[in-house]
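Participant: These protein sequence lines map, in sequence, to chains C and H. Per the working numbering, the first sequence runs over residues 2 to 357. Per the working numbering, the second sequence runs over residues 281 to 533.
Everything labelled a hint here was simulated from the structure, so no lab data went into it. Idealized CB from N, CA, C, for every residue including glycine. Hints are not guaranteed to be accurate.
Unchecked claim - The calculated lysine-lysine pairs, modelled on DSSO-like cross-linking and capped at a C-alpha distance of 30 Å, are:
#, chain 1, residue 1, chain 2, residue 2
1, H, K464, H, K423
2, C, K205, H, K368
3, C, K205, H, K325
4, C, K49, H, K500
What the hints assert, rightly or not - Covered by chain H, per the in silico footprint, the following chain C stretches (three or more residues, Cβ under 8 Å):
#, region
5, 136–145
6, 259–270
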Amino acid sequence: MSADGRIFVKGNEAVSMGAIDAGLKGYFGYPITPQNEIPEYMSLHLPKAGGAFVQAESEMAAINMVLGAAATGARAMTSSSSPGVSLMQESFSYMATSETPCVVVNMMRGGPGLGDINTSQGDYYQATRGGGHGDYRTPVLAPSTCQEAYDLTREAFDIAFRFRTPVMILGDAILGQMKEPITRGVPRPADPAESADWGLSGAKGREQRIFRSLFLAEGVLTAVNQRLRAKFEAMASLARCETFMTEDAELVVVSFGSIARIVKSSIRKLRARGLKVGLLRPITLFPFPAEAVAAVARQGKRLLTIEHNMGQMVDDVRLAVCGIADSAFHGTLSGTIPTPDEYEAAIEAALTGGSK
Amino acid sequence: MSETLAFTRTPSVAETPTHYCPGCQHGVAHRMVAEYLDAENLAEKTIMVTSIGCSVFLYNYLRFDSVEAPHGRAPATATGVKRVSPDKVVFTYQGDGDLASIGMAEIMHAANRGERITVVFVNNTVYGMTGGQMAPTTLVGQKTTTSPAGRCASTEGAPFRMAEIVAGLGGVAFSARVALNNVKHLAQARKAIRRAFEVQLAGQGMGFVELLATCPTNWKMTPVQANEHIEAAIIPTFPLGVFKDIAKNAGAC
Chain C
2 MSADGRIFVK GNEAVSMGAI DAGLKGYFGY PITPQNEIPE YMSLHLPKAG
52 GAFVQAESEM AAINMVLGAA ATGARAMTSS SSPGVSLMQE SFSYMATSET
102 PCVVVNMMRG GPGLGDINTS QGDYYQATRG GGHGDYRTPV LAPSTCQEAY
152 DLTREAFDIA FRFRTPVMIL GDAILGQMKE PITRGVPRPA DPAESADWGL
202 SGAKGREQRI FRSLFLAEGV LTAVNQRLRA KFEAMASLAR CETFMTEDAE
252 LVVVSFGSIA RIVKSSIRKL RARGLKVGLL RPITLFPFPA EAVAAVARQG
302 KRLLTIEHNM GQMVDDVRLA VCGIADSAFH GTLSGTIPTP DEYEAAIEAA
352 LTGGSK
Chain H
281 MSETLAFTRT PSVAETPTHY CPGCQHGVAH RMVAEYLDAE NLAEKTIMVT
331 SIGCSVFLYN YLRFDSVEAP HGRAPATATG VKRVSPDKVV FTYQGDGDLA
381 SIGMAEIMHA ANRGERITVV FVNNTVYGMT GGQMAPTTLV GQKTTTSPAG
431 RCASTEGAPF RMAEIVAGLG GVAFSARVAL NNVKHLAQAR KAIRRAFEVQ
481 LAGQGMGFVE LLATCPTNWK MTPVQANEHI EAAIIPTFPL GVFKDIAKNA
531 GAC
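Bound conformation, chain H alone (with noise of 0.2 Å):
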């Protein structure tokens, strides 16, 4: 029997075995920012910061510049890089804890700045890295290893949807949340991730996109079963679609 390749290793993706659970969407997500960069031909400008969480070896995996920020503040890190290299292309990678809980107010302040850089926001709604605590994003009623009842709205609070509040921020070019769970889903996320950066290549602002991704490992299910568990129980909750994009030769602020 022959194999057939359905397709090749984009360059910025490194030759290394990431370190991910079997059915982590992790890697597909780094896959698509690197097949924009490297088909853009801005792999050789691009600046990435990284953050603290599941993704925290990114630099091992894709092959530009990097920057590792602690624990939330990649969009301040990405701040001070693009203020002083206006040229580069510059783009955060955080997961739901980093970026919604401890990283909350740089990410608010960084899209209300207008920062001209692309925030590419990871949400599984758990703390992966550390075993499946209670994220910013978990729905209410998940059981997480800090929420062993279900999260309870009414003492834990509603899940961030941060889209939409990123969306309302004046500084914000682009924002959407896509999913990353089937084919027609990755055709949507891959629109998505190229319009969060052309609004910084054309300095319209920040562009920002959520990628709802699986944690089969966390949610205690297989992989088939989580991306089944992305479409019947997450998305209800964190609807897709985008929630602003400026026309083009419009900018932010």
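The shape of chain C in the complex, shown without the other chains (with noise of 0.2 Å):
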């Protein structure tokens, strides 16, 4: 530790220390590269924190580790990468339906298939789409530093059990493996009045709960849904970016992650040659802070969205300024670790080559 109070760790470690600081009481998980020391950290660190630790024999399993230890009221979460979240679809899905509050890290890598074990935003549709079958969304948070993964984690518990949802906290390998100084907050036990309500604990003096997802019953599946579908709305009041030298900008960058600190990167080189570019950040990816965007666009800016992936949020930058502008794209595919240098030219293409 410094003499600041500051630490230096990695993004997974820093993941994992807002998590116990959140008042984790259950980390469920399953051994696959980038994120491995999350596990690690668990495995040391959170029995001592006075939560339970355990290796589970799959995804699969881990997942719903997760389910059982949340039905009680517990902040219980899981991490994995790219193809281990996606063993974990179903159970989200099932997880969203019965509003069961969780917390899932994706550290991003390299797809599709089983890829590399390198950086990508490949997944940036599963998240923000629900990811699962049948019709649902969750919160996703796209940590960018060190710091702000362990706040956003910090974070994603209260969110969780405040819409009663899995919240995802996306990063990638590149955020994972990165070591940065962070300050840490003071521990916070989880309130138990949070869960009072829903939480399993025998039903002593009161009726059974349940958490279903399967509703028969004529007309009750539709009610269901319409409850959802209102919650998914009032999560748009969480929508949240960040913005960097927006103001004078002809040109504004979106692109969120890790990626996002490369793009920076590169606009302050452009911004010592005279260019007027800025950066628009995603932080909520679900919901899209489609305002914020709007209102860039509005202002008669460019827009260009770099992304790690051949275009997904590219699709939400464009449909939030549908009718207004347009937004270009700069893709790096899987496989490739994009430079500053790389974001610099296509910045610069974009501004010079007037793509609207």
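Mind assembling these two chains? They're in different frames, but the hints should get you there.
Facilitator: So, in structure tokens, the structure goes:
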């Protein structure tokens, strides 16, 4: 620890610390690169903090252990990386429907398929469109720094319990593996009142409580979906983004996560050369900060979306500015690690090429 | 003619008509579990993990706090419940397709870890809910909708004997197979269910009880024929007995 109280940790460790400081009571996970520091950290530190750690036999078992722990009202989580997160999707759908709060971390790796163990943003669609079967959404938070990984993981539990929903932390191999100084907050145990009305504790002096997602009686599933839709709409209040040098910018880059860090470096280089470019970084991917993006477009600024995939978030950018403007797109494919030079060239081309 | 009630409804059994077919023994299994938990005054600290199959609506028939696990995952879900609520009584209720096919990994690992849970496993040798397809416990030669010529051991394998397999794992404190087809067997079943919970309460490991039960509809039999079929055809493949019962005061792992 430094004199100012900061500690030098990997993104995966920052996530783990954030979860423990948020009152985590159960971590269940299965090894997969590049997120292994999370289960490793949890196995050592969570029991000391009064929580349970289980190395599950598979990602399916891990997420369903989370389901069981979370149904009791305990703060519970799992973490994985892209292929492992795919295996968990069935249960995200169950938990969204049965309104079971939990936090899931996806430290994305290259894909599709087994891909590689390098960084990627290939799971944006999966994360922001629910991912599993059926018609549901879950909040998705995309940290860009180790400090933000710590802070957003803490906050993810509050959001999960406020809305009774799974919440995803969407990071990637860069964020998980890079080391930065962070300031760790004061641990705060979970408030038992947050689950007092619905947690399973044994039906003592009350009716039984049931976590279910099967509704065969006529009209019941529709009513469930009406309630869920209202909740998904209410999540819009969570929308959040960071803006960087956008005020006088002629072109604003929309980019998220660790890729936005690289874009920032490119923007600094371009600014040093006198080019007026800025960054809008969505922090919540669902809900997407559509209003903030539209506001930029209304000011007449041009947009360029940069992602580490073939173009996924750009759909949300274009929806946000539909009828007002368009967004150019630059994508780096999985398998390649982008550089500030690559993005500097792409941003300059978009700015001087006048693409709209 | 006066009517005499042989027994009364135990409080944890809801006054809801079940959706089960005539002659199905799920209702008997439900009642025996509820009777034990009520008799021991444990209902108020019980959390039940339901599964997918005919017993998917178990939470409508038993009045315990419940969480519905996806197909096969009940032992994992129960692990999560128990690890954060070690003072609760936790059980799963699973059929043969759920536990021995899609959920084979979860039951094996939960058993091997010695999760302090009770597993109530109902084996009726078919997928009942979906219309009588071949199950991992279908008898060799048994005709089902997906083994129309009868299960062939050389291509579909032999039925899994789960009570014996589970008994071989280190974390299991009790494993038995009983049947629900006659009064004598019901008495054995009651005893086995009791032991399967006692080892959990004593923190000794997993308690596993396999209940051989009828599926008259998918066996295309009358309820009486189905009961006789258990005796004549199923028990010879799935012998009854206690395959593991660790001494009291001993612990698994």
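Participant: Against each hint, give a clear statement of whether it holds in the structure.
Facilitator: To see whether the hints hold, each was checked on the structure:
| no. | hint | verdict |
| --- | --- | --- |
| 1 | K464(H) x K423(H) | holds (29 Å) |
| 2 | K205(C) x K368(H) | holds (12 Å) |
| 3 | K205(C) x K325(H) | holds (7 Å) |
| 4 | K49(C) x K500(H) | violated (57 Å) |
| 5 | 136–145 | violated (count 0) |
| 6 | 259–270 | violated (count 0) |
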